[in-house]
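Hey, can you work out the whole structure from these sequences and the hints?
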Amino acid sequence: MKFLLFLFLNCSLLYASGQQFNSSSLHQGQDLFIQQYLLNKKINIIELRRTTNFLTNVNVKTTNGIQITKRSNAVIRHVKHLSERIEEVYLENSEIDSVTMELLVELEYINLSFKKKAESNQNAVPSFKMKLFLIKNTIKNKRRKRYKITAEPIFENTASPYWNSVNDTLYQEFGNMANSKKIDAEKEMVVIFNELTSSGSAPKIETIDLDLDNEWVVKWGDELHSDVVGSRLFAAMGYDVDHPYFYGKDKLTLVFDSTKTIKNWTQLRDSVYVFCKVDITPYFSNQGNITEEMILINPDLSPYLGRLYVQFIKCGLEARPDRVKRLGSFLPDDMNNENNRALRAALLLHAFIGNWDTKEENTLLTLVHDGNYNYKISAIFSDLGTSFGVKTKLLPLDFKVGLVNEFSWEAAKKVGNKVILQNQVNVMLTPYGKATYMDLKWMASKIEALDSLSLRKCLSKAMWPYPIEELYFNKLASRRASILRAFDIEDNHPIAFDKKITIFENNELIVKKGKLKKDYKRYENPESLFSKKGRNRNYGN
Amino acid sequence: MGTKISLFFILINTFYSFSQGIEEQRKYILPEGISISEMEMKSNYLNGLSSYNHSDYVYYDLYLDSPDFLMYKNGFSLRFRKRNISDSIVAYGFQLKSEMVDHKDIRMEVEETELDFYRVKDGLEWVRITTILDRIFAYYDAIKTPALEVVFQHDLDLIKLWISLKIDSPIIPFQKLKYLDSTVFNTLTLQHLKPVLIGKSLRKRSHVFVDYEHTTSDLKNLPNYLMNINSRPQYFIDHPTCSWTLETSRDYSKFYSLLGGGEVINIYEFEVENKYQDKVKGTELLDRFELELINAIGCKIELASKYKQSISFILNKL
Chain D
1 MKFLLFLFLN CSLLYASGQQ FNSSSLHQGQ DLFIQQYLLN KKINIIELRR
51 TTNFLTNVNV KTTNGIQITK RSNAVIRHVK HLSERIEEVY LENSEIDSVT
101 MELLVELEYI NLSFKKKAES NQNAVPSFKM KLFLIKNTIK NKRRKRYKIT
151 AEPIFENTAS PYWNSVNDTL YQEFGNMANS KKIDAEKEMV VIFNELTSSG
201 SAPKIETIDL DLDNEWVVKW GDELHSDVVG SRLFAAMGYD VDHPYFYGKD
251 KLTLVFDSTK TIKNWTQLRD SVYVFCKVDI TPYFSNQGNI TEEMILINPD
301 LSPYLGRLYV QFIKCGLEAR PDRVKRLGSF LPDDMNNENN RALRAALLLH
351 AFIGNWDTKE ENTLLTLVHD GNYNYKISAI FSDLGTSFGV KTKLLPLDFK
401 VGLVNEFSWE AAKKVGNKVI LQNQVNVMLT PYGKATYMDL KWMASKIEAL
451 DSLSLRKCLS KAMWPYPIEE LYFNKLASRR ASILRAFDIE DNHPIAFDKK
501 ITIFENNELI VKKGKLKKDY KRYENPESLF SKKGRNRNYG N
Chain Y
1001 MGTKISLFFI LINTFYSFSQ GIEEQRKYIL PEGISISEME MKSNYLNGLS
1051 SYNHSDYVYY DLYLDSPDFL MYKNGFSLRF RKRNISDSIV AYGFQLKSEM
1101 VDHKDIRMEV EETELDFYRV KDGLEWVRIT TILDRIFAYY DAIKTPALEV
1151 VFQHDLDLIK LWISLKIDSP IIPFQKLKYL DSTVFNTLTL QHLKPVLIGK
1201 SLRKRSHVFV DYEHTTSDLK NLPNYLMNIN SRPQYFIDHP TCSWTLETSR
1251 DYSKFYSLLG GGEVINIYEF EVENKYQDKV KGTELLDRFE LELINAIGCK
1301 IELASKYKQS ISFILNKL
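Protein chains in written order, with the numbering used here: chain D, 1 to 541; chain Y, 1001 to 1318.
In case anyone wonders, no lab produced these hints; they're calculated from the structure. Incorrect hints may appear among the rest.
Claimed, not checked - Think about it this way: if two alpha-carbon atoms lie no more than 20 Å apart in a straight line, the pair counts; the simulated SDA-like pairs of lysine to any residue are:
{"id": "1", "chain 1": "Y", "residue 1": "LYS1166", "chain 2": "Y", "residue 2": "GLU1125"}
{"id": "2", "chain 1": "Y", "residue 1": "LYS1121", "chain 2": "D", "residue 2": "VAL89"}
{"id": "3", "chain 1": "D", "residue 1": "LYS182", "chain 2": "Y", "residue 2": "ILE1229"}
Below is the structure:
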């Protein structure tokens, strides 16, 4: 016990002095979570090997009766690297130092996240009961987001796997991250069908690009636009994210591999329907066989001459780069993360984009390869598309996202000595539940840095039709202003907005006094930007 | 240098992707007196399957077993291997392989593919396992003086020490042995593993493939599986209309006993391995190729691994 106290105090002092740990230190305040690996200030080799063998031994297929997901070779390799460095400390019979502590914390992160992945894979497709719980929880959580105003100085977070400061132009951060992960999303893409995916409730498939090296998830449904802009805004604020891209009419070509079970569009459509009960027929644009002419334009298509392909009215493409190895959740409820201020503050960012689906499964711990066989841990906010106007319904059980009319003009307001966030979330993760006024004020100060250009650039990547994008731009500017007002933050980059915006197109009234008036170009937007019928009602199709 | 490094990583990736699993591999004894050029000419095109000799490898092997030959008696071989590939790439592995009982059996093969970050303490100094292996294999190639003999024995002891310290570490061959039979293979029994055999093999590697522009009519519709660019051999990047099916190795190996008897074992054999992505279809292609090797060239089937052949020879002499 004395040792634990010593360790805790010692480490706290070291952090305070900043002498021992680098700025991206994983384990601030998390030392108590690795005590099982220590014995009399030295390495407990039996416990260490219990974990390292569990993480690397492919013969071990279950944990507590739960099926383990396939271990990636890169993760196995990284664990062995960590293991070997720690084992040498054991063999030297040395007392542990700060470097070894860091290695142990990293190992424990991988261990817990890997186990979480196995647990969440058991419930990859949310049950009716789970959906009901999430919607009921939304109502319950509404009462919890009131924050008493306090007068402390704004703290500054240090860089960590959960957050990094953005020094560049904010809107470029998403692209910078993509470059570091070697994600190359071109304006027109060709991907090869790989397999169906049963995770989540939106229609999606797994594909691979022409060099057969990087995977991509193709998606349809109501999150195509919102996911793109939500991820870019989180990236602009310093959080790591998944990398979704929007592809308009015929900009993405999906080629069928004759060696796979699904060999054509009809089989794909029918199989997706079986998996998620959404008919993707309205997304179909055209199909054909890969021709010599297509190969002349794109020589990488040559092995696919004559194979069938399909193109779509619109779809989303999310990168699964080879450089990023996905573990399980980023452990919001473990490893002392309730005290992680960057995580607690993220609640305000969810409120800013109106994200509803904040459950743990939408967080992700990753190992990112730096190109030289080194990996760094990074926490990702995933699936940020259930945002920008969400309508939930109990009878029948359903939800719809990306509904501009449901996206309120204000995200926060000050009432007396409290700030109230107006966003609904389906799960209040532990850090969000622990968020304080000062945590949120820190995030508000980051949102203040979002100027008109960055907001416009992030939004434009979503490729919403012009009137919808304009309405969203005005609403986001207004929500940003409401946050700064609520937290008494001076706005150095004010963005003009008009709550009564009216837009005509070809003499037709599309937006009247800040409200979308019609189901805009339904053929080009099969999910509908207007109808409140979500995936469980086939988007009203 | 850059090319060498990237080639090395590609190779590591390739080895890693094949490092944990099974290997459908068959072995043959070549007919007596057949020359290298004659063998190459005859196996160049067999019933629709073409061959291309792409590399010459030099393999050094250091086999481990217990004093009572736990590995040998239970049908396994456990070895450190150093691969020198076409004079440009060096890679190390720690491999466990099972013996075949029937010639159509599938061999289990697992490998710890990167030994570079494993070290053992020699006095006050940490030394990489790969450095020790380099010295051991250099001794194999060198003129063996008594001074070198002392270093050699010391290095063998360091290998033995490393094994005794690492049996319960996350190292694939140890994990696999304990998974297969923890009553036979456990911390106590594996503690006694030590180097028992050292050898060198000169290996000619060839791709066997279907060239869609030059094959039999029945193979023209064989699906051409496309592999990840990092796993795809250069030949198939350059020839996208050729589909990789099998891989052959023509080996000349020479082994020395480390058990004190001074036995020398020479082995000359031909191996064929299934590389086709549809493994069932690949087995059919392996059968097809084998029929030609036996009927057209006069090869004979061999079941025993090089290790088994060598230890059997040594034990028979005892």
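A quick look at each hint next to the structure:
A C-alpha spacing of about 18 Å is found between LYS1166 (chain Y) and GLU1125 (chain Y), which places the hinted pair at or below 20 Å, so the restraint holds. Taking the CA atoms of LYS1121 (chain Y) and VAL89 (chain D), the gap is near 12 Å; set against the 20 Å cutoff, the hint holds. Under the criterion of a C-alpha separation no larger than 20 Å, the hint pairing LYS182 (chain D) with ILE1229 (chain Y) is consistent with the structure, at around 15 Å.
Checked against the numbered hints above, the structure violates none of them.
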